[in-house]
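Chemist: Just so we're on the same page, my numbering is the position in the sequence shown counted from 1, plus 566.
Because the hints were derived from the structure by calculation, they are not lab data. As the structure is a prediction and not an experimental result, all values here were calculated from the model. From the three backbone atoms N, C-alpha and C, an ideal C-beta is built for every residue, glycine too. Do not take every clue at face value.
[To be verified] Quick list of simulated restraints, FRET-style, between CB atoms:
(1) 725 <-> 620: 43 to 49 Å
(2) 754 <-> 707: 29 to 35 Å
(3) 795 <-> 740: 23 to 29 Å
(4) 637 <-> 740: 21 to 27 Å
(5) 617 <-> 884: 23 to 29 Å
(6) 738 <-> 638: 28 to 34 Å
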Amino acid sequence: FLTGLDGGMAMLLGQIALQIDEGSRGKSFLLFEGVYCLGSAISPGIGSFISFRINILGWDINEGNSPGIVLAIVWLLFLIFSLFLPGTMWVETGTRIEELDVSAYEDEERSSEYKQDGDQSLSEDHSSEKKPRIMWDSRIFCLFFLMFTNMGFSSTATFYAPILALDHLHLQLIHTKLIFLNCTIFTLLVFTCFHVASGYVEERKLFATVLLMQLSSISFLTYLAFSWNQVTDIQYYILLLYICLGMPYFAYPFGNSILSRITDPQFATFIQGLSLAILHVAFITGRVVVSFVFTQTSLTYFCFGLIILWLVGIIWYGVLYKRMAVHD
C-alpha cells in the first residue's frame, strides 16, 4: 500500500482477470487499482514525515535515510508474508480460460470429428478462426493515449511542484510538505468518492470527469506561467489546486476498468500489464520533459503542449464514448 506494489501489480491484475467473473471484474479492477494508485499518491507525503535520528551500533540513521530504511522493513515483511501464502491462491495462466471455454472447446472437437471425413480444408479454416487473438481497435489505443498523457502530466505535478514552490515562490520546506499533506488528504477523499460513485455511475462517465479535472489543473499551471514575474499570495493557493487536481493515477483505475469490459477476458492479463508498462513509460517521459522547464517561456510552451494533447484525447474519447461501454 505504501509503495503502490509497483510492477507486482501487473501479476495481481492478471489474477483478478482470471479468477473474477466478468460482471464483477470492472469493480474489482477499480478497487485494487484504486489502492495501488492511492498508495503511490500518498507515499511521498507519508515518507516526508517519517524521519528520525538514531544511532544503532555505530550506524547513523538520520532524516535522509530513515524513510528508505522504513520502506525496506515494510518490503521485508511483505516478502515474508508472501512466502506463507497458500499455493491454491494463484491460478495458472490459461486455467481459468479453459474452465470458462470448456463447452465451446467440446463443441469444436465434435465439429472437427464430424467433418474429419468431409471437407478437411473447411475444418482447418474453422479451427484457425477459433484461435483467440487480440482485436485491436481505436478504443484501446484511445484509452492508452489518455492514460499516457494523464500519467505524463500527473508525474510533473508531484515532481515539478516542489521545485516551483521552493525556487520560484520561495516557500519554506515545511510549507511545501504541508501542501503535499493537504493534497494527500484530498486524494484520499477523491478516491473514496469515486469508489462510492462507481456503484451508481458508469466508469466511462467517471473517466470523463477525471479528464475535466486534469484540464482544470493544466489551466492553473498555465496561469502560473503567465503570472511568472508577479509572485503573489494567490499563487500559493493556485499551486495547491494545481497539485490536488493533477495528482497521479485518477484516470488509471477507470481506464483499466473500461479496458476490462471492452476486451476479451482471455487477454485481460496482457492488456492490464501493457497499461502498467505505459504508465511507467509516461512517468519517466514526464519527468524527463519537465526537467527542462525552468523558465517562463519553457513553462508556457509546456502548458500549451499539454492543452493540445488533452484536447485531442478528449475529442477522441468523445467520438468513441458510446462504444466504451460494450464489448464488440
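Chemist: Indicate, hint by hint, whether the structure satisfies it.
Modeler: Okay, the hints, checked on the actual structure:
1. 725 <-> 620: 43 to 49 Å: 30 Å, violated
2. 754 <-> 707: 29 to 35 Å: For residue 754 and residue 707 the Cβ distance comes to about 32 Å; the hint holds.
3. 795 <-> 740: 23 to 29 Å: 26 Å, holds
4. 637 <-> 740: 21 to 27 Å: At roughly 22 Å between Cβ atoms, residue 740 and residue 637 fall inside 21 to 27 Å, so the hint holds.
5. 617 <-> 884: 23 to 29 Å: 46 Å Cβ-Cβ, so the 23 to 29 Å window is violated.
6. 738 <-> 638: 28 to 34 Å: Since residue 738 and residue 638 have Cβ atoms about 29 Å apart, the given range 28 to 34 Å holds.
Of the numbered hints stated above, those contradicted by the structure are hints 1 and 5, listed in ascending order.
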